[in-house]
Structure formats: C-alpha cells, structure tokens
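**Student:** Listed below are the residues making up each chain.
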Amino acid sequence: MTEWESIAALAEKVRSGELKAVDLVERSLQAIEAAEEYKAIIAVTADRARERAQAIDADPKGRLAGVPFIAKDNFLVFGAETTAASNILKGFEAPYQSTAIEKLEAEGAICVAKANLDAFAHGSSTENSDFFTTKNPVDPTRVPGGSSGGSAAAAALGLAPFALGTDTGGSIRLPASFTGTVGYKPTYGLVSRSGVVAMASSLDVIGPLTRTVADAALVLDVMAGKDELDSTTIDRAEQGYLVEAADLRGKKIGIIKEYMGEGLQPGVKAQIEQAAQKMQQAGAELVEISLPSLPLALAVYYIICPAEVSSNLSRYDGQRYGYSFPDAHNLDESYMASREHGFGKEAKRRIMTGTYVLSSGYYDAYYKKAQTVRTKLINEFSEAFGNVDFLLGPTAPEVAFKIGENAADPLKMYLTDIMTVAVNLAGVPAISIPCGTSENLPVGLQLIAPQRADRDLLAAAAAAEEVLA
Amino acid sequence: MLRFTTGMKQEGSAILGVMAKLTRDDVLHLAQLARISLSDDEIEEFSEELSAILQYVEQLSDVDVSELRPTNQVTGLTNVMREDVVKDYGYAPHDLLHNVPDVQDNQLKVKRMIG
Numbered sequence: 001m002t003e004w005e006s007i008a009a010l011a012e013k014v015r016s017g018e019l020k021a022v023d024l025v026e027r028s029l030q031a032i033e034a035a036e037e038y039k040a041i042i043a044v045t046a047d048r049a050r051e052r053a054q055a056i057d058a059d060p061k062g063r064l065a066g067v068p069f070i071a072k073d074n075f076l077v078f079g080a081e082t083t084a085a086s087n088i089l090k091g092f093e094a095p096y097q098s099t100a101i102e103k104l105e106a107e108g109a110i111c112v113a114k115a116n117l118d119a120f121a122h123g124s125s126t127e128n129s130d131f132f133t134t135k136n137p138v139d140p141t142r143v144p145g146g147s148s149g150g151s152a153a154a155a156a157l158g159l160a161p162f163a164l165g166t167d168t169g170g171s172i173r174l175p176a177s178f179t180g181t182v183g184y185k186p187t188y189g190l191v192s193r194s195g196v197v198a199m200a201s202s203l204d205v206i207g208p209l210t211r212t213v214a215d216a217a218l219v220l221d222v223m224a225g226k227d228e229l230d231s232t233t234i235d236r237a238e239q240g241y242l243v244e245a246a247d248l249r250g251k252k253i254g255i256i257k258e259y260m261g262e263g264l265q266p267g268v269k270a271q272i273e274q275a276a277q278k279m280q281q282a283g284a285e286l287v288e289i290s291l292p293s294l295p296l297a298l299a300v301y302y303i304i305c306p307a308e309v310s311s312n313l314s315r316y317d318g319q320r321y322g323y324s325f326p327d328a329h330n331l332d333e334s335y336m337a338s339r340e341h342g343f344g345k346e347a348k349r350r351i352m353t354g355t356y357v358l359s360s361g362y363y364d365a366y367y368k369k370a371q372t373v374r375t376k377l378i379n380e381f382s383e384a385f386g387n388v389d390f391l392l393g394p395t396a397p398e399v400a401f402k403i404g405e406n407a408a409d410p411l412k413m414y415l416t417d418i419m420t421v422a423v424n425l426a427g428v429p430a431i432s433i434p435c436g437t438s439e440n441l442p443v444g445l446q447l448i449a450p451q452r453a454d455r456d457l458l459a460a461a462a463a464a465e466e467v468l469a
Numbered sequence: 001m002l003r004f005t006t007g008m009k010q011e012g013s014a015i016l017g018v019m020a021k022l023t024r025d026d027v028l029h030l031a032q033l034a035r036i037s038l039s040d041d042e043i044e045e046f047s048e049e050l051s052a053i054l055q056y057v058e059q060l061s062d063v064d065v066s067e068l069r070p071t072n073q074v075t076g077l078t079n080v081m082r083e084d085v086v087k088d089y090g091y092a093p094h095d096l097l098h099n100v101p102d103v104q105d106n107q108l109k110v111k112r113m114i115g
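Taken in order, these protein sequences are the chains called X and G. The first sequence begins at 1 in the working numbering and counts up one residue at a time. The second sequence begins at 1 in the working numbering and counts up one residue at a time.
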C-alpha cells in the first residue's frame, strides 16, 4: 500500500518546490503497476499525466497542484478511452472533458488512470463490469463493493491520493464501506454531472473517495457549484466546504431504527453502536429515530432507477458512437443487434425493467406510484431533520461479500443497497467513514444530513473520524 | 423492519392486474419497445428475473399516498433558463464526430430505414 500525505500538504509542497509533480505522477503510476493484481484500473492516462506534470512543475500553482487522482471510467477524460466498463463504449474517446475533471485540472490536479466499475455503474460489486472484477484490497477473495469499486480499491491501495466516483443508489458509500475508505455523496446537484455517463438522472451524484474526511472536503470544495452545462446544479455554500472538525457537544444525532434491526450482521451492528457511543462520549446527544417508509425505499429505487436507466441508455443505438453491429440490413436491425451485442446482462435487465414500468398502462401503477412514495420518504426525512442534526446508521447491512456469492441472484445483489438508496431518493448528502472491523473486514458508518448541509456534515464526519481513530 | 427475503409476496396481482410472471411474449414485446434483441436463453431468464423484481416492488401497492404528489425534482428547481445565445466551446465538427461509426460529409450515415 502506498501512503500519501494529505492532499493539502502535497499541493503545498508542490507549490513551494519541495515536491515535483512529475515525481508524484511517477509514484502513482508505479503504485498502479505494483497493484495490478487487484484489477482496480481499466486504463492509465500516463502520457497526458506526465505532460501535465511537467507543465505544472514549470509554474506550480493551484490548490491541488501536482496531486494525482484516479477517475471512475464513467467520467469523460482526455488521454484514455471512456468505456463505463461496457463493451458498447469500447473505443470511445471523449471529445470533451467532464466539468468535474476540468475544475480539478484547473487547480492543478492530474488524472493518472481510469478505474473499474460495474458497467454503466449498475451494480454493487464490480462483478457487472464487462471487463473484469476488482478485488478488495483487504481480502482479494471478496468484492470491493460497487459500483465505484475500482475507485474505492484505488483509494484503499493508495494508487493516488484521491479517486472520483458516482453514487446513484450507494455507489460511492458502499465501496467505501467495504474497503475501509471515506466516500462522500453530496447533496443532489452540488457537483456538475456534465460529461459523466448518465445512469439515473434524478439520483446521480459525483463525489470523492479518499483516506480522510479532510481530503474529501477539499476535493468537494474544488468541484462544487453551479455549471451552465448541467441545469440541475445548485449554488455552492458561501463559506465553501473546507471545515474544521465540529464540536459534537450539543449535536443531536438520530440513530435510524429501521437500519439497526433485522438483517443487519451482528458484527456490523456492534461496531455502529460502539461508534455512536463514542460520539455520545464526545458530547453528542443520541436519540433513536424512525423513518417508517425506509423499508419501501429499495422498491421505489428499483422502479425509478431502471426507468431512468432505460431512458438514458436509449442513446446507445449503434449510430452515433460506440459499438455498431456490422451486418445489419436496415436501421431497426442495426439498433436491435448493436444493443444486443453491446450491452451486458445487467444493463439489459435494467433496460427491460425500466421499459416495463414506463410502458403504456403501467406508468401510473409503477413509475408515478414510486415517485409519490418518494415524496412520502422525503417528508419523513424532513420531519426527522426537524428533530435531529444528523442521522446515523450503517452504510451496508454486511461486510464485503465473496466474489461470486451474490452474482447468480440479481435481487439479492440489489438488497446490498438497502441502506444507501433512500439518501439518493431524498437528494440529501451522506458520508461513509471507516468504523472498525467485523470478521477482520471494514465496517462503514453512514452519517446523513439535510439537503445543502454538506458543510455541517463534513465537519461532523471529521469529528466522528477523530473519536473513532 | 427491513425485508430481507427476496420472496416477498407470492400473490402477484395487486397492481392493476399485473401478472405474477411475465410470459415469453411479454418479454419479446418489451424487447421490441426497447429495441434490443434477446437470445432464447435471455428471454427465459428475463421472464423469471423481471417477474421476481416486479413482485418485490409490488409492496408499494399497499402504500396510501392519496394526499401526496409525485416528486420529479428533488431540490425544487423549476424551469432553469439560460440566455438563448450561441456559445463557441471551440470544438471542430471532426472532434465531435470522430466516435461516429459511419460518417459522410460531416453527417451520420445510417442503414436504410425500410426494407
């Protein structure tokens, strides 16, 4: 494992000339090569990274000067293909870069590689990648979680000081939990998604995977804010997102009753309870709180998500970019065959489910009903945040599972997301931070805050990180 | 309590008379709507798997939401407008078209639509 100083310290040393960006890039590329067996990485952007590093060393500036990072392969990035780990996008070279990457580069950060994911971010383990499965650095017989499993493994292995992920139903927090890293899911709309392969647009967000809360806050601070290329973006907080650890005294934290019951592994439960007690000892007031509709969240999610997926994936039609079936006789055959051969099993499963719930006669019963139960869930979050500052619970009901264990049963795989999807449905921010181990495998503590309270959440998470250390 | 079993409800007709199990024809119809060809094995698999997923989500049918409206935009944004002006992002047509499978005179070339 490669250890790095804090991102702020690295950038400071590059700016002062004490460290060279070219050396940091080489260090990162060597770490990637040395950790090949974990299969976290789809492609390196070595040539472009080295060029950028030289340019930065000639004039070192920026809040992330010379700091290497790794992007999930659903970000449009120059210097390598953007595949979203799917066969249908193999060979796709980004004609422009995502806004998030542009903002990071503007502050001197350097993308060195693209990380593996479940194809199109559909999954909880990276086993749905059309290319290969990433191994968990803590135990290579286990999955790293997903869909940002390559990014989480990269952060855990120290392949770079930070990695980027996307989170539609838990895809940043779950792999952070499984790999013992920090995963931050911002308020919906806080980070522009322009230039990121769309999955389910009413749920998708972008966020960092790091080793510390402070690193996550700095990366978020650089990426956050309105973007004319993504009309769903919201204003950043005036004070930004660089925070000191909060004083937990007087903070009211609600332990989510529905997340602490049946189905939670005892070892995970014990760690979460212990973490809550430590926060209480640091002055936080703990209360149990119930959001009665939480058990419905996964059903809501598995209507809304595939519906939006089926719509977003309709653009992969074999005509505009990506794989095109060579022997079609007419346009319709070209669509049908290109999509048959280009999409993997899970993408097809979601397209089919989504098409069903949106189809004539079923739209009201499924999609509209799900969007209405979503309102109910949002109201319960609002009510809860009328009583407490933060919500607390596990990120996942279990520790990392074995590679292959859930692969044969899609519904069982979907259940992995049972404690993360509600956050996306409500658009609220959440973070997963390491919280001890169970069976020698990392446990993730999830903290949730109201919409736009990202700054407070990061400060509370930094405090939790201190008391858990 | 969270439901962790995958076998949710067995009776599957709560939502507008939806069938408990999708037939082969249902799957083929959906595949046609989604413009995606499926192998025989996939048709069989999806008829089982989609039925299981639909049975799982059927738990929503019992939820009373008569007082509520659907949420489409979660942060409350409405009608986000911008000035209707052309902005040059500096991309040449070639840059934007180089991923297209078949291009002629800067235009996408597709197979014939009929026949």
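A portion of the hints provided could be inaccurate.
What the hints assert, rightly or not - What follows is a list of derived Cβ distance ranges for each label pair:
# : chain 1 : residue 1 : chain 2 : residue 2 : range
1 : X       : PRO140    : G       : VAL86     : 49 to 55 Å
2 : G       : VAL85     : X       : LYS412    : 48 to 54 Å
3 : X       : THR437    : G       : GLN73     : 36 to 42 Å
Source of the hints: derived by calculation from the structure; they are not laboratory data. A quick note: this is a predicted structure, and the numbers were derived from the prediction, not measured. For glycine and all other residues, C-beta sits at the position ideal for the given N, C-alpha and C.
**Student:** State the violated hints by number, sorted upward, taking the hints as numbered earlier in the document.
**Tutor:** none
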